[in-house]
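There are 2 protein chains.
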Amino acid sequence: MKKILFFLFSMPVLCLAQTADEAMLQKISDEILTNGNAYELLRQLTKGIGGRLAGSPQFAKAVQWGKTTLEQQGADKVWLQECMVPHWIRGGQDKAVITQIGDKKVNRPLDVLALGNSLGNGTVTAEVICVADFTELEKRKNEVKGKIVYYNHAFDPRFIKTFEAYGEAVVYRGAGPSRAAKYGAVGIMIRSMTESVANDPHTGGTRYNDSFPKIPAIAVGPRDADYVWEQGRKANLTMSMTTNGHFLPDTIGHNVIGELTGSEFPNEIITVGGHLDSWDVNEGATDDGTGIVHTVEIMRAMKALGIKPRHTIRFVFFANEENGLRGGTKYAQEAKAKNEKHIFALESDAGGFTPRGFSLQLSKEQLAKVRSWIPLLAKYGTNEISGDGGGADVGPLNRLLGTPVGELMPDSQRYFDVHHARTDVLENVNKRELSLGAVNMAGLIYLVDKYGL
Amino acid sequence: MKKILFFLFSMPVLCLAQTADEAMLQKISDEILTNGNAYELLRQLTKGIGGRLAGSPQFAKAVQWGKTTLEQQGADKVWLQECMVPHWIRGGQDKAVITQIGDKKVNRPLDVLALGNSLGNGTVTAEVICVADFTELEKRKNEVKGKIVYYNHAFDPRFIKTFEAYGEAVVYRGAGPSRAAKYGAVGIMIRSMTESVANDPHTGGTRYNDSFPKIPAIAVGPRDADYVWEQGRKANLTMSMTTNGHFLPDTIGHNVIGELTGSEFPNEIITVGGHLDSWDVNEGATDDGTGIVHTVEIMRAMKALGIKPRHTIRFVFFANEENGLRGGTKYAQEAKAKNEKHIFALESDAGGFTPRGFSLQLSKEQLAKVRSWIPLLAKYGTNEISGDGGGADVGPLNRLLGTPVGELMPDSQRYFDVHHARTDVLENVNKRELSLGAVNMAGLIYLVDKYGL
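Residue numbers (this note's numbering), protein chains in the order written: chain A, 4 to 456; chain B, 4 to 456.
Chain A with its partners taken away, still in its complex shape:
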């Protein structure tokens, strides 16, 4: 009987709360879709500054832009958090040419980009050994010495979520050079990490194993990859590859941090962020300009609607996701050193496409709580709350402090069309899709701030 009474009495309260939350989420959505500034800020960041690899002058310019932007949007406090960052530079135009097919001299240029962190010192000319994957490399390890290894491994198209195909393929970018160098290879080339129908090559960080020679590494555009694979399975190929990647000494970089101070729990922190650095060959629009402007837009909308968060919300532009994760690491280290209490951290680093949900790293109970909000968020795109984790820059907070973390999960079909390629430019971002990312993130942050995790 008591239970029934509780149920009867609690119903209207629950309904009221639901209605109030529904109304607030509608207000947030209307504000962002009507007055949103994310696309204009993305235009400034991409067309005004462009590619901004950690250590570059463009990155320093982006830091100043970020500080000014957070100040102008009305953060209570804005500051720069210094951290040392690696300083890799491409050092010139990457080139590759097939110079011989069987007995025939040819001059067939390939569209390539050196992998980030790759070390190069001019031109390497050698026979190419074309392998499907590491299994074939191991079988043919005695043929590798003095040659350039080409790995043809492609995304498995059967994955519905392209990040899963990437997760399976990206080991060739990371470990491909050293696994070939172990057997005496003088260079490697990978098929670009994409399923795009275009031929643009896709760069991205590689990692050398210090036990083996650090040989130059390039990614080839997918249509040229088709050509190399077709020719290379029929006849011996010779290739010249020219790269000039090298490291300058580590340099000073900065996380840019803006804060709305909590009205009830100023010492309990919710972090929202993206990473400010990008690769050097594009505008870093989708990776991760969209994450940066999502972050600002959430703050702008909260200010515009007079939402005073109960907890402190930090809006963070991380310094160095692409080739070091030094920004995210520094942020977590300082949080730990200062004994800060972080209750949640959310990143946007999967693009500005229409949202489909969030990928979170939470306890089972916390996950169930967030999933109970799906009916509130579904209208705006969030149908799926997975427990798959995510958010590279917020990862260190989770590892060092145990902070619950997560990432916006937009539709992933187009992400790898532009990821780390020259085509990652403003023109490949849709204004409405971008805005909807901010709507869903702001909604989740609002609910976490109101109800906790």
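Quick caveat, the hints were computed from the structure, so don't treat them as lab data.
One thing to keep in mind: the hints can contain errors.
Listed below are the simulated DSS-like cross-link pairs for lysine-lysine, each with C-alpha atoms no more than 27 angstroms apart in a straight line [said to hold, decoys possible]:
| # | chain 1 | residue 1 | chain 2 | residue 2 |
| --- | --- | --- | --- | --- |
| 1 | B | Lys164 | A | Lys382 |
| 2 | B | Lys382 | A | Lys372 |
| 3 | B | Lys453 | B | Lys344 |
| 4 | A | Lys164 | B | Lys367 |
| 5 | B | Lys107 | B | Lys148 |
| 6 | A | Lys382 | B | Lys107 |
| 7 | B | Lys164 | A | Lys164 |
| 8 | A | Lys185 | A | Lys98 |
| 9 | B | Lys367 | A | Lys382 |
| 10 | B | Lys382 | A | Lys367 |
| 11 | B | Lys453 | B | Lys80 |
| 12 | B | Lys144 | B | Lys80 |
| 13 | B | Lys30 | A | Lys164 |
| 14 | A | Lys382 | B | Lys382 |
| 15 | A | Lys30 | B | Lys164 |
| 16 | A | Lys80 | A | Lys344 |
With chain A held as given, fit chain B onto it using these hints.
Structure of chain B alone, referenced to chain A:
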């Protein structure tokens, strides 16, 4: 006790069925994502044939292409179904120029397209009356005589689904000319039906009311619309608009129909289709090339997997959606005349973007049944089965025969960026997104064929 026994015994059967359906849907998805031919067919239709308005030589070429394609993909039968179609032609390049602002002569060209079905006969020069909407038009009806009316009404950005914003705004394209002609206007211009950040104008059919003069009608690109509105609210504008749209006599068109004959119920028909016609100013890639190649891909995948449908499945390319609906009407009329039994009809005419679900016109019980399949389809994108109806070309089947009908509901954010604009080209279709549309449609057709509605 009996109930419990039934429950216990039925569980394994249900699980087995579920597992078999899951496995089949996975096979369909793998087949389409691995061996899919939709993008290549879309390349042929867009780059090989291009814009194909009903009555045009390109449309006739598309009919032949369609027939050959369905034959090559292994339909049991392929035939053409004749129907008369309207034959509107643009008649030249549409132009508009602002020639005077207040007292100042200017020469500011606007990017415009005549609306489909618009009648024009050269150049009209007149003062422009800029109104926000029909309400303002009615208030200022005494000022309209001898002028060109510009309607500034825009999409309401707050709608999450852009088709809802379109539904509210498109009345200006349809009724704008006659409502202004009623008060003596000599021409009209509308803001293009889009939220795009670009300036491309968007055409689309208008409908004259025979009671009023048939004045020429154009759509202006959204950035030029901003300009006209800004200037026109401050000073009097004069504009010259040049259009040459006119009708030739109705001509013969064709629906293209392919069939896989049902193994158990050959006389019970499931229709899947899209429309083969498009506007003349683009390649008709998204509207509705994607619907055509979705249709073919479903048949190709069924054949490749050896799926023998229980019911007859008709794969239909409708002749004339854009400016007449004559193809869909003819198909339903003939079905009625022959007393055919149609159990379901599904269209794809909302683009080749990542699917989010289906919009259906079914009884409550049928809708509940289809919704019970969401757990099977969600993995591939279908999270939402709405009862909002849809599918212009299958509409007549519903109205004449009471057939349950529906439409694929892809993500709608980018649809109106390209809809009826020059930018509706192959390059704005993503291969994976396109394939996933076919996966979800094939899955639904498979389930309807297996379990009925």
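Against the structure, the hints:
1. For the suggested pair Lys164(B) and Lys382(A), the alpha carbons sit about 9 angstroms apart, so the restraint of at most 27 angstroms is met.
2. Taken as a hint, the Lys382(B) and Lys372(A) pair is honoured in the structure, with Cα atoms around 22 angstroms apart against an allowance of 27 angstroms.
3. Restraint check for Lys453(B) and Lys344(B): the C-alpha separation of about 17 angstroms stays at or below 27 angstroms, so the hint holds.
4. Straight-line distance between C-alpha atoms of Lys164(A) and Lys367(B) comes to about 33 angstroms, which puts the hinted pair past the 27 angstroms bound.
5. Using a Cα cut-off of 27 angstroms, the hinted pair Lys107(B) and Lys148(B) holds, with the two alpha carbons roughly 23 angstroms apart.
6. Our distance criterion of 27 angstroms between C-alpha atoms is broken by Lys382(A) and Lys107(B), whose separation comes to about 50 angstroms.
7. A C-alpha spacing of about 23 angstroms is found between Lys164(B) and Lys164(A), which places the hinted pair at or below 27 angstroms, so the restraint holds.
8. Between the alpha carbons of Lys185(A) and Lys98(A) the distance comes to roughly 24 angstroms, so the proposed pair stays at or under 27 angstroms and holds.
9. Distance hint between Lys367(B) and Lys382(A) is fulfilled; the C-alpha atoms sit about 22 angstroms from each other, no more than 27 angstroms.
10. A C-alpha spacing of about 22 angstroms is found between Lys382(B) and Lys367(A), which places the hinted pair at or below 27 angstroms, so the restraint holds.
11. A threshold of 27 angstroms between alpha carbons decides the hint, and for Lys453(B) with Lys80(B) the separation of about 22 angstroms falls inside it, so the pair holds.
12. Distance hint between Lys144(B) and Lys80(B) is unfulfilled; the C-alpha atoms sit about 57 angstroms from each other, more than 27 angstroms.
13. Simply put, Lys30(B) and Lys164(A) have alpha-carbon atoms about 17 angstroms apart, close enough for the 27 angstroms limit, and the pair holds.
14. Between Lys382(A) and Lys382(B) the CA atoms are separated by roughly 19 angstroms; this keeps the pair inside 27 angstroms, and the hint holds.
15. Between Lys30(A) and Lys164(B), the direct Cα distance comes to roughly 16 angstroms. Compliance with the 27 angstroms bound is thereby established for this hinted pair.
16. Note on Lys80(A) and Lys344(A): the hinted pairing holds, with a Cα-Cα distance of about 18 angstroms set against a maximum of 27 angstroms.
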